[in-house]
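Visitor: Here's the letter readout for the chains.
There are 2 protein chains.
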Amino acid sequence: MADDNRVYLFDSTLRDGAQTQGVDFSVNDKLAIAQALDRLGVDYVEGGWPGANPTDDAFFGAPPAFNRARFVAFGMTRRPGRSAANDPGLNALLNAKTPAVCMVGKSWDFHVDVALGISRSENIDMIRESVAHAGKSVDEVMFDAEHFFDGYKANPQYALDCALAAYQAGARWIVLCDTNGGTLPHEVERIVGEVTAKIPGARLGIHCHNDTENAVANSLAAVRAGVRQIQGTLNGLGERCGNANLVSLIPSLMLKSNFKVGLTEQDLKQLTHVSRLLDERLNRAPNRSAAYVGESAFAHKGGLHVSAVEKDPRTYEHIEPELVGNRRHIVVSDQSGRANILARFREVGLDVEADDGKVAALVETVKLREYEGYAYDGAEASFELLARRALGSVPGYFRLARFRVMDERRWNVRGELVTESEATVTIELKGEQLMTVATGNGPVNALDTALRKALLPHYPELGDMRLVDFKVRILTPQAGTEAITRVMIESADNAGERWSTVGVSPNIIDASYEALNDAITWKLLKSGAKSAE
Amino acid sequence: MADDNRVYLFDSTLRDGAQTQGVDFSVNDKLAIAQALDRLGVDYVEGGWPGANPTDDAFFGAPPAFNRARFVAFGMTRRPGRSAANDPGLNALLNAKTPAVCMVGKSWDFHVDVALGISRSENIDMIRESVAHAGKSVDEVMFDAEHFFDGYKANPQYALDCALAAYQAGARWIVLCDTNGGTLPHEVERIVGEVTAKIPGARLGIHCHNDTENAVANSLAAVRAGVRQIQGTLNGLGERCGNANLVSLIPSLMLKSNFKVGLTEQDLKQLTHVSRLLDERLNRAPNRSAAYVGESAFAHKGGLHVSAVEKDPRTYEHIEPELVGNRRHIVVSDQSGRANILARFREVGLDVEADDGKVAALVETVKLREYEGYAYDGAEASFELLARRALGSVPGYFRLARFRVMDERRWNVRGELVTESEATVTIELKGEQLMTVATGNGPVNALDTALRKALLPHYPELGDMRLVDFKVRILTPQAGTEAITRVMIESADNAGERWSTVGVSPNIIDASYEALNDAITWKLLKSGAKSAE
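In the order they appear, the protein sequences are chains A and B.
Take the first sequence: its position 25, counting from 1, is numbered 25 in the UniProt record's numbering, and each next residue is one higher.
Take the second sequence: its position 68, counting from 1, is numbered 68 in the UniProt record's numbering, and each next residue is one higher.
Just so you know, these hints were derived from the structure itself, not from any lab.
Honestly, I wouldn't trust all of these hints.
Any copy will do: because identical chains look the same in the list, a pair fits if it lies in one copy or spans two.
What the hints assert, rightly or not - With a cut-off of at most 20 Å between alpha-carbon atoms, the simulated SDA-like pairs for lysine to any residue come out as follows:
{"id": "1", "residue 1": "K358", "residue 2": "A438"}
{"id": "2", "residue 1": "K311", "residue 2": "L116"}
{"id": "3", "residue 1": "K526", "residue 2": "R466"}
{"id": "4", "residue 1": "K260", "residue 2": "P156"}
{"id": "5", "residue 1": "K269", "residue 2": "E514"}
{"id": "6", "residue 1": "K530", "residue 2": "A454"}
{"id": "7", "residue 1": "K136", "residue 2": "P88"}
{"id": "8", "residue 1": "K367", "residue 2": "T55"}
Could you put the whole structure together from the sequences, leaning on the hints where they help?
Guide: So, in structure tokens, the structure goes:
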């Protein structure tokens with residue numbers, strides 16, 4: 001290896017993370033997350049399990065174009081009693097034609113006996129033949145040794161024999177999996193150390209689950225003991241208690257160890273954004289107390305802490321929040337967001353001088369809106385519009401005078417129970433009042449349709465725009481307080497452009513209209529449409 | 001010490017946990033949590049900071065009666081330039097008259113220089129004199145060495161001198177605090193080992209924060225290196241990223257180590273309950289993926305995993321869930337087969353024979369509905385209703401005849417732009433037609449309010465039910481196909497019960513109504529309400 005301290009990051013958010021209860025990625029979700037991971041600088045992105053379900057088939061059918069990462073398909077070693085060349089699962093895996101594959105096989109004798117019910121030597125044949133067969137057509141074959149630690153504790157020689165079979169058959173990485181997540185850090189360190197000594201030359205990886213809340217520590221212990229690949233997920237997504245959280249591991253490795261990963265210092269600043277992007281895609285509230293990237297990770301509540309932090313942030317902060325793209329939250333005089341927000345401006349192509357008078361006001365506006373419930377992490381188009389409006393560069397395309405939406409569930413003339421939504425919209429455009437009416441699949445769809453019916457004759461640019469996702473979250477569901485609704489809308493056009501917008505209001509229809517309005521305005525701005533005013 | 005392997009548990013939920021953003025305990029909350037901690041079997045319960053705020057003053061004024069735990073008051077060493085006997089903070093601490101006190105003081109030279117701005121020897125005098133003074137009236141004095149690890153890395157001798165001053169002044173425990181939470185497990189193990197060697201005879205404790213997601217691992221590493229007291233909180237509550245999570249540490253110590261704590265096997269079975277009790281008190285949704293106690297901690301989604309778990313749970317479970325009072329959960333998802341669904345029936349208390357004719361039909365129904373877009377994975381209440389309906393055991397409580405919802409955005413008489421939602425509902429109940437109207441924050445909220453207005457006089461059981469979360473997802477956003485909307489609703493009642501329901505329809509209002517209807521029906525079923533028909 002060129003550099004003994006280089007640790008490779010393998011992201012399994014789209015495969016093992018997809019096993020999380022309540023998580024159901026669409027193909028578009030997978031694409032957006034894969035691209036964010038590539039930009040972040042992880043080394044391997046595992047996309048899913050070809051042949052296992054229609055979503056993964058569609059995703060591998062049109063794989064993302066990566067600049068930095070290698071795309072990995074997941075599968076199993078061949079079934080018992082088949083040749084590797086004739087195994088349908090293995091064929092589906094290899095037909096995905098990814099530069100790397102990760103194949104899982106058993107390494108715990110108990111599992112071979114009970115779950116598979118085959119002989120132990122047959123299991124070793126399955127591993128050896130599958131790895132060798134895959135190696136004929138795939139550049140990089142990895143072997144996930146399932147239940148390696150439980151297996152090693154029960155029967156060290158058999159677990160080693162399984163790993164050795166994969167290594168000798170040409171696997172480029174042998175990944176030691178703590179599948180049940182029950183192994184403690186000192187055990188991981190000892191066992192990895194022994195494997196390192198017994199299979200010298202093998203490149204080892206680690207795959208941990210968080211069932212004792214030690215997945216991050218177990219991964220770090222394994223690296224100290226000799227592994228050089230970490231498998232994990234964004235935000236620790238994964239079945240049961242989740243997988244090792246790459247979002248926590250990356251900064252600990254980069255800022256607190258001598259190990260190196262593929263991210264630059266600049267990449268690391270995207271970390272908070274990427275973490276929240278995943279939550280937005282999953283329509284979940286980000287974990288406020290997440291290490292490094294949580295909203296509260298650098299929040300100071302106690303008065304004594306605040307005054308010490310104002311003297312010197314190192315008094316109560318283990319790192320500078322900006323290093324991971326996060327920011328300090330202090331009730332009084334929060335100045336830390338400024339650099340971050342300026343960086344976000346540059347990201348959307350707005351070159352603003354730091355000393356421009358408008359910047360200070362805009363920073364305040366962003367903070368106020370985030371306090372009110374807006375989330376710009378998953379709504380770049382709304383963020384860009386907010387910034388451009390503050391700089392005076394968004395034309396007035398139209399003005400809404402009023403709308404009315406009606407949803408009715410009733411028996412129709414054929415005796416069927418139907419629900420209909422109908423919207424009436426009045427807008428002002430070029431000094432005229434335009435009134436349109438339309439039906440839809442629900443109030444927001446009806447409103448969207450009526451609005452565009454009014455606009456389309458004046459702005460034919462809107463013809464190929466469509467709403468592709470709509471997410472709602474209630475932000476303060478405690479009894480006794482008024483709930484605020486946040487709506488996120490994703491739009492797309494025929495040129496393949498996708499953009500996300502956000503609206504916040506006590507009324508969900510209001511919030512939806514705000515997000516819709518931003519979506520349409522952004523499209524008009526990007527198409528270079530002329531103002532109507 | 002009687003037993004070298006006995007580890008003492010010190011709970012700081014009511015003190016350091018109270019620093020969490022958004023957490024605000026009442027005196028009754030503190031009482032309920034303290035009593036639960038005493039029943040659980042922790043050794044020390046830190047109740048708060050006497051003199052710091054009215055809640056803590058009231059709580060210490062009428063302290064809980066404990067059977068097993070020792071009650072601890074928290075405070076600071078004396079201020080610079082005062083005598084210990086004349087320090088108001090120290091007096092407030094001692095006036096609480098608890099059997100034990102925990103006093104915090106500085107041990108990092110940088111903090112003494114920058115945050116306090118006093119001489120280093122003055123800081124050591126403050127520690128020694130405060131501990132000695134407290135020892136005159138309190139049975140057990142503990143010293144929290146704030147920032148010990150950062151201090152030790154910067155100036156090991158000074159950090160040791162601070163700890164030594166407390167020890168020599170009579171502190172029964174010297175607690176090494178990783179206040180900023182930035183220390184990694186291997187560093188904790190090394191530093192604790194050195195302190196153990198350099199202050200032989202001292203009883204050491206550890207106090208970790210989770211800023212690198214290693215608080216649990218750091219605590220375990222410290223115990224291995226010689227500490228015998230762990231300070232932590234329930235569910236890892238605490239400022240920024242939280243404190244070490246006792247709920248994860250307790251079972252790891254009891255089930256996976258040779259160390260002993262004060263809990264019996266029977267006590268351990270309360271763990272899941274105590275963890276959720278805290279969340280109920282805080283009105284937060286429990287973390288589904290929490291180690292040991294999370295709803296998903298023993299959930300199995302993949303079909304291969306489920307069939308292995310049914311053969312022998314040890315195949316994919318690191319401990320028996322019953323040991324910590326949790327339970328196995330077979331998740332219904334598109335990856336599940338017949339075995340999965342049958343297992344799930346048993347779990348909701350439906351004893352169905354595998355060869356019952358209704359089962360085959362029900363399995364088909366579940367698959368068809370999942371194909372249509374239903375997700376039962378996060379909507380257990382809807383799944384249970386689906387199964388019970390198929391078996392004919394759900395009474396008809398009411399029937400919806402029709403509804404109409406209107407959302408209007410207009411200028412009101414005060415010249416403000418407002419959006420109003422108003423719903424009209426007609427239901428049939430006991431042969432009567434009931435018609436109600438209500439307004440709300442949006443169409444679904446208005447519909448919910450109108451529906452319950454009609455039902456409440458007949459079903460007072462619904463009085464304490466409320467909607468706590470509402471999620472919307474568009475399922476087939478590909479061009480050319482009709483989009484399907486899936487709505488998931490989470491409801492709660494005052495008994496702390498939470499249940500989730502799902503609705504699917506091309507119309508979002510329809511889908512919302514379906515989920516609402518299931519939520520209400522489930523509540524009526526569980527309350528044993530009588531059918532109206």
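Visitor: If any of the earlier hints don't hold here, list their numbers in rising order.
Guide: 1, 4 and 5
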